[in-house]
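Student: Can you build the whole structure from these sequences, using the hints too?
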Amino acid sequence: MRLQYARRIQVLSGALGLIALAIVVQMTRIQNSPEAAFFRQQASVYAYELQTFYPDRGEIYDRNGHLLAGNKSVYEIGVDLNIVKDSHAIASAVSLELGMDYAQVIDAIENPSEGIYYVVLSDFVEVEPAVRLQELKKSLQDNAEEGVLGSLTGLEFKSHPQRSYPENSLASNVIGFVSREGRGYFGVEEKYDILLAGSPVQAFVPTDPNKAFEIPRVMNGTTLVLTINRDLQAAAEQILDEALDTYGADGGTIVIMDPRDGELLAMAVTPRMDLNQFWNYGTIYDNASEFNSAISMPYEPGSVTKILTMAAALDSGTVTPGTTYLDTGAILVGGATIQNWNQEPWGLQDMTGCLQHSLNVCMATISTQMGAGTFYGYMDGFGFGHLTGVDLAGEAAGRLKLPGDEDWYPVDLGTNSFGQGLSATPMQIMMAASAIANHGRTVTPHALHAMVRDGRQYNVPAQFGGSPISEQTADTLSDMLVVSLESEGSLALLPGYRVAGKTGTAQIPVGGFYDSTQTNASFIGWGPADDPQFMIYVWLERPSASIWGSETAAPVFGEMAEKTVVLLDIPPDYIRQQVVAK
Amino acid sequence: MNIQNVDHLVHAYKIAPWRIQRQWIGNALLVVVVLAMVATIYLDVTSQAAITGREIQDLTVSISDNQQVSADLQTKLALLTSARVMEQRALEIGFRPMKSEETEYLVVPGYLILEPDILSSVPLLQLSALTIPPEYNESLLDWMDKKIINSVRGIQ
Numbered sequence: 003m004r005l006q007y008a009r010r011i012q013v014l015s016g017a018l019g020l021i022a023l024a025i026v027v028q029m030t031r032i033q034n035s036p037e038a039a040f041f042r043q044q045a046s047v048y049a050y051e052l053q054t055f056y057p058d059r060g061e062i063y064d065r066n067g068h069l070l071a072g073n074k075s076v077y078e079i080g081v082d083l084n085i086v087k088d089s090h091a092i093a094s095a096v097s098l099e100l101g102m103d104y105a106q107v108i109d110a111i112e113n114p115s116e117g118i119y120y121v122v123l124s125d126f127v128e129v130e131p132a133v134r135l136q137e138l139k140k141s142l143q144d145n146a147e148e149g150v151l152g153s154l155t156g157l158e159f160k161s162h163p164q165r166s167y168p169e170n171s172l173a174s175n176v177i178g179f180v181s182r183e184g185r186g187y188f189g190v191e192e193k194y195d196i197l198l199a200g201s202p203v204q205a206f207v208p209t210d211p212n213k214a215f216e217i218p219r220v221m222n223g224t225t226l227v228l229t230i231n232r233d234l235q236a237a238a239e240q241i242l243d244e245a246l247d248t249y250g251a252d253g254g255t256i257v258i259m260d261p262r263d264g265e266l267l268a269m270a271v272t273p274r275m276d277l278n279q280f281w282n283y284g285t286i287y288d289n290a291s292e293f294n295s296a297i298s299m300p301y302e303p304g305s306v307t308k309i310l311t312m313a314a315a316l317d318s319g320t321v322t323p324g325t326t327y328l329d330t331g332a333i334l335v336g337g338a339t340i341q342n343w344n345q346e347p348w349g350l351q352d353m354t355g356c357l358q359h360s361l362n363v364c365m366a367t368i369s370t371q372m373g374a375g376t377f378y379g380y381m382d383g384f385g386f387g388h389l390t391g392v393d394l395a396g397e398a399a400g401r402l403k404l405p406g407d408e409d410w411y412p413v414d415l416g417t418n419s420f421g422q423g424l425s426a427t428p429m430q431i432m433m434a435a436s437a438i439a440n441h442g443r444t445v446t447p448h449a450l451h452a453m454v455r456d457g458r459q460y461n462v463p464a465q466f467g468g469s470p471i472s473e474q475t476a477d478t479l480s481d482m483l484v485v486s487l488e489s490e491g492s493l494a495l496l497p498g499y500r501v502a503g504k505t506g507t508a509q510i511p512v513g514g515f516y517d518s519t520q521t522n523a524s525f526i527g528w529g530p531a532d533d534p535q536f537m538i539y540v541w542l543e544r545p546s547a548s549i550w551g552s553e554t555a556a557p558v559f560g561e562m563a564e565k566t567v568v569l570l571d572i573p574p575d576y577i578r579q580q581v582v583a584k
Numbered sequence: 014m015n016i017q018n019v020d021h022l023v024h025a026y027k028i029a030p031w032r033i034q035r036q037w038i039g040n041a042l043l044v045v046v047v048l049a050m051v052a053t054i055y056l057d058v059t060s061q062a063a064i065t066g067r068e069i070q071d072l073t074v075s076i077s078d079n080q081q082v083s084a085d086l087q088t089k090l091a092l093l094t095s096a097r098v099m100e101q102r103a104l105e106i107g108f109r110p111m112k113s114e115e116t117e118y119l120v121v122p123g124y125l126i127l128e129p130d131i132l133s134s135v136p137l138l139q140l141s142a143l144t145i146p147p148e149y150n151e152s153l154l155d156w157m158d159k160k161i162i163n164s165v166r167g168i169q
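Protein chains in written order, with the working numbering: chain H, 3 to 584; chain F, 14 to 169.
These are calculated hints, taken from the structure and not from any lab test. Certain hints may be false.
[What the hints assert, rightly or not] With a straight-line Cα cutoff of 16 angstroms, these simulated EDC-like cross-link-like pairs (lysine to aspartate or glutamate) come out:
#, chain 1, residue 1, chain 2, residue 2
1, H, LYS160, H, ASP195
2, H, LYS160, H, ASP125
3, H, LYS87, H, GLU192
4, H, LYS74, F, ASP85
5, H, LYS140, H, ASP88
6, H, LYS403, H, ASP382
7, H, LYS213, F, ASP78
8, H, LYS213, F, GLU148
9, H, LYS160, H, GLU130
10, F, LYS89, H, GLU128
11, H, LYS160, H, ASP88
12, F, LYS112, H, GLU561
13, H, LYS87, H, GLU147
14, F, LYS112, H, GLU137
15, F, LYS160, F, GLU148
16, H, LYS140, H, GLU158
17, H, LYS74, F, ASP78
18, H, LYS160, H, GLU128
19, F, LYS112, H, GLU128
20, H, LYS87, H, GLU51
21, H, LYS160, F, GLU68
22, H, LYS213, H, GLU51
23, H, LYS74, H, GLU130
24, H, LYS160, H, ASP82
25, H, LYS74, H, GLU112
26, F, LYS112, H, ASP382
27, H, LYS213, F, ASP71
28, H, LYS74, H, GLU147
29, F, LYS159, F, GLU148
30, H, LYS213, F, ASP85
31, H, LYS213, F, ASP155
32, F, LYS89, H, GLU130
Predicted model only: the values in this text are computed from it and were never measured.
Tutor: In structure tokens, the structure reads:
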């Protein structure tokens with residue numbers, strides 16, 4: 003009996019063991035069957051879903067933390083064709099709210115391309131209409147009978163960021179803009195496009211919550227802090243616009259730079275555009291160089307170049323401030339006669355007088371005394387013909403013809419000395435003149451003050467271009483320019499502050515000849531002369547009220563300088579001297 | 014009943030076949046219970062990890078939404094305080110632009126103009142694999158593997 007019981011147990015155990023083994027074998031077989039592989043493949047399709055991440059493009063601030071370029075939400079509105087209930091209701095709502103054509107919407111929903119299950123009806127829709135549509139969809143769903151879908155079922159909303167410029171056209175030439183494809187054009191938007199980034203990124207995201215750690219980390223773009231002072235920029239643009247009205251100029255530029263480190267404090271140009279409506283670019287500008295004439299539009303600067311010729315002459319020892327010269331009103335250089343602006347002789351002059359009266363003959367005399375090698379060596383050192391390296395997209399280099407070039411003639415040595423026969427942008431002239439204001443060293447102009455990424459701020463250090471002249475030459479010439487302005491009783495003078503500067507009136511070549519009725523009026527100046535904290539360049543194109551820079555650009559400089567000392571809290575000279583004395 | 018009989022009975026009890034079978038059954042059940050406990054713990058840890066993973070997914074979406082809302086609000090604020098709007102408001106309430114000769118400067122010994130170091134808001138750290146501790150993405154088997162590997166390395 004006991005033996006029989008044990009045998010039964012053994013049989014039962016064996017049977018159960020076989021069943022268990024069969025189960026394991028079957029499990030293994032199923033796991034490794036072609037069907038299992040197929041299902042695994044099917045599952046893998048749903049294990050990850052392709053998502054598009056829209057990282058925020060880095061913001062752009064002015065030096066005081068005012069937002070110049072940020073991001074706002076807009077909507078892509080589309081239709082999920084798999085769950086559309088009433089295409090006519092969708093078409094009615096969308097055409098009413100977004101102003102789209104009813105028939106086109108119906109056609110897009112009812113006649114999609116092969117294999118398409120989602121149709122985009124409109125993108126970059128502002129928040130207000132999108133929210134109204136969302137609320138309409140919700141209310142229709144709420145009012146529908148239980149278990150019945152609302153008539154706007156299938157209408158989908160996807161929000162994503164879009165570039166926004168709260169200051170509209172302010173500093174548009176410095177900032178640039180971003181297209182809907184996310185690419186930066188002009189200004190810092192183009193120059194630092196990679197840093198600002200923010201391009202949409204497509205990535206496979208695991209749907210399995212156990213793989214949450216695989217969610218990709220999409221870095222936001224780097225935030226930029228510009229050297230621009232928003233309030234000073236607004237003032238510069240206002241003064242420039244008023245100047246165009248007052249003097250009847252076709253266009254203009256005002257640039258304000260800190261000559262100690264090259265930080266651009268303001269850069270106003272005309273025309274400007276509302277960056278929120280960048281699609282108007284083609285109607286505002288004829289060509290790309292007009293977007294920021296301060297860096298992209300070289301022109302013959304005229305007499306402002308005389309300060310550089312004088313710097314070269316003083317530094318090379320060709321002249322001293324006290325060197326006298328008898329002005330006869332004309333000089334022959336390279337077979338051509340060069341005359342003064344009023345075609346009159348000015349008699350005995352010292353070098354300060356040459357600058358004060360802006361004598362072409364004096365400058366041509368000095369440049370010929372220096373010789374082409376010395377003169378062009380200094381001009382090259384000042385950066386003529388080279389890019390300044392300003393961190394804004396679209397900079398042009400201008401042109402400085404050199405002996406040996408096919409189109410260089412001996413007369414150019416004379417005409418170049420007073421700013422004719424060469425071309426430069428306002429930015430190049432400022433960089434060159436920074437050597438005089440900054441004790442002999444040129445500064446590289448820049449618009450980027452700092453970068454902020456992951457909560458850390460990286461300040462951009464000042465860069466210096468070179469030392470074309472000595473400190474002594476620079477300081478001497480600066481004093482000469484102060485005296486020449488004060489002696490002249492210039493309209494550029496600012497009560498309480500010593501400023502150094504020089505006017506420029508350059509006739510514009512038309513059909514191969516200079517037209518005496520059309521001029522570019524310029525002024526470059528800096529102050530306070532003993533400790534320069536601002537350098538201002540004014541350029542008015544074809545002023546009709548007066549052709550002279552002294553009567554148009556100089557008073558604009560004076561007005562701008564007054565605004566600058568107020569906004570930058572620069573006290574009058576006597577107050578500063580009290581502080582220094584203490 | 015004498016002592017010898019008692020010893021005999023105890024011996025018979027010890028070698029009884031049903032008792033050995035019970036021991037086997039008991040041991041087998043013990044193994045089953047241990048396996049069930051391990052499976053229960055594994056299931057619990059796995060489900061907790063899944064819940065946490067889902068929370069992480071939700072929080073990631075939430076962070077993204079909040080960042081977008083924050084960017085919207087920042088832009089709206091910038092619009093309301095733009096240079097043109099502020100100037101307009103100042104003029105409306107009776108202010109006018111100041112001229113340089115109207116400025117009065119006071120010399121304050123030792124005063125330095127402070128410039129802000131950080132000019133923009135500090136972005137929050139984003140969720141990433143590096144910020145999630147291993148407890149939230151490691152299975153029980155992974156944890157055991159790691160322990161075994163570490164102990165083997167310790168022995169070596």
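Student: None of the hints should be skipped; say for each whether it holds.
Tutor: To see whether the hints hold, each was checked on the structure:
1. For a cut-off of 16 angstroms, the pair hint linking LYS160(H) to ASP195(H) is broken: about 25 angstroms separates their Cα positions.
2. At roughly 9 angstroms between alpha-carbon atoms, LYS160(H) and ASP125(H) fall within 16 angstroms of each other, so this suggested pair holds.
3. A distance of roughly 45 angstroms separates the Cα atoms of LYS87(H) and GLU192(H); the hinted pair therefore is violated under the 16 angstroms criterion.
4. Of the pairs offered as hints, the one joining LYS74(H) and ASP85(F) holds, with about 5 angstroms between alpha carbons and a cut-off of 16 angstroms not exceeded.
5. Between LYS140(H) and ASP88(H) the CA atoms are separated by roughly 15 angstroms; this keeps the pair inside 16 angstroms, and the hint holds.
6. Pair hint LYS403(H) plus ASP382(H) holds up; C-alpha atoms about 10 angstroms apart against a cutoff of 16 angstroms.
7. Note on LYS213(H) and ASP78(F): the hinted pairing is violated, with a Cα-Cα distance of about 21 angstroms set against a maximum of 16 angstroms.
8. The suggested pairing of LYS213(H) with GLU148(F) holds, with an alpha-carbon distance near 13 angstroms, which does not exceed 16 angstroms.
9. Proposed proximity of LYS160(H) and GLU130(H) is supported: the alpha carbons are some 14 angstroms apart, at most 16 angstroms.
10. Restraint check: the Cα-Cα separation between LYS89(F) and GLU128(H) comes to about 13 angstroms, which is no more than 16 angstroms; the hinted pair holds.
11. Only pairs whose Cα atoms come within 16 angstroms are accepted, and LYS160(H) paired with ASP88(H) is rejected, the gap being roughly 20 angstroms.
12. Among the hinted pairs, LYS112(F) with GLU561(H) is consistent with the structure: their alpha-carbon atoms are about 10 angstroms apart, no more than 16 angstroms.
13. Taken as a hint, the LYS87(H) and GLU147(H) pair is honoured in the structure, with Cα atoms around 14 angstroms apart against an allowance of 16 angstroms.
14. Of the supplied pair hints, the one linking LYS112(F) and GLU137(H) is violated, its CA atoms being roughly 53 angstroms apart against a limit of 16 angstroms.
15. For a cut-off of 16 angstroms, the pair hint linking LYS160(F) to GLU148(F) stands: about 13 angstroms separates their Cα positions.
16. With a C-alpha separation of about 12 angstroms, the suggested pair LYS140(H) and GLU158(H) falls inside the 16 angstroms cut-off, and the hint holds.
17. Our distance criterion of 16 angstroms between C-alpha atoms is met by LYS74(H) and ASP78(F), whose separation comes to about 12 angstroms.
18. Restraint check: the Cα-Cα separation between LYS160(H) and GLU128(H) comes to about 12 angstroms, which is no more than 16 angstroms; the hinted pair holds.
19. Distance hint between LYS112(F) and GLU128(H) is unfulfilled; the C-alpha atoms sit about 42 angstroms from each other, more than 16 angstroms.
20. Distance hint between LYS87(H) and GLU51(H) is unfulfilled; the C-alpha atoms sit about 26 angstroms from each other, more than 16 angstroms.
21. The hinted pair formed by LYS160(H) and GLU68(F) fails the criterion: a straight-line CA distance of about 22 angstroms is larger than 16 angstroms.
22. About 13 angstroms separates the Cα atoms of LYS213(H) and GLU51(H), which keeps this hinted pair within 16 angstroms; it holds.
23. Distance hint between LYS74(H) and GLU130(H) is fulfilled; the C-alpha atoms sit about 12 angstroms from each other, no more than 16 angstroms.
24. For a cut-off of 16 angstroms, the pair hint linking LYS160(H) to ASP82(H) stands: about 12 angstroms separates their Cα positions.
25. Simply put, LYS74(H) and GLU112(H) have alpha-carbon atoms about 33 angstroms apart, too far for the 16 angstroms limit, and the pair is violated.
26. Of the pairs offered as hints, the one joining LYS112(F) and ASP382(H) is violated, with about 41 angstroms between alpha carbons and a cut-off of 16 angstroms exceeded.
27. Taken as a hint, the LYS213(H) and ASP71(F) pair is honoured in the structure, with Cα atoms around 13 angstroms apart against an allowance of 16 angstroms.
28. The hinted pair formed by LYS74(H) and GLU147(H) fails the criterion: a straight-line CA distance of about 37 angstroms is larger than 16 angstroms.
29. Of the supplied pair hints, the one linking LYS159(F) and GLU148(F) holds, its CA atoms being roughly 12 angstroms apart against a limit of 16 angstroms.
30. Straight-line distance between C-alpha atoms of LYS213(H) and ASP85(F) comes to about 31 angstroms, which puts the hinted pair past the 16 angstroms bound.
31. Between LYS213(H) and ASP155(F) the CA atoms are separated by roughly 14 angstroms; this keeps the pair inside 16 angstroms, and the hint holds.
32. Distance hint between LYS89(F) and GLU130(H) is fulfilled; the C-alpha atoms sit about 14 angstroms from each other, no more than 16 angstroms.
Hints 1, 3, 7, 11, 14, 19, 20, 21, 25, 26, 28, 30, counting from the list given before, are not met by this structure.
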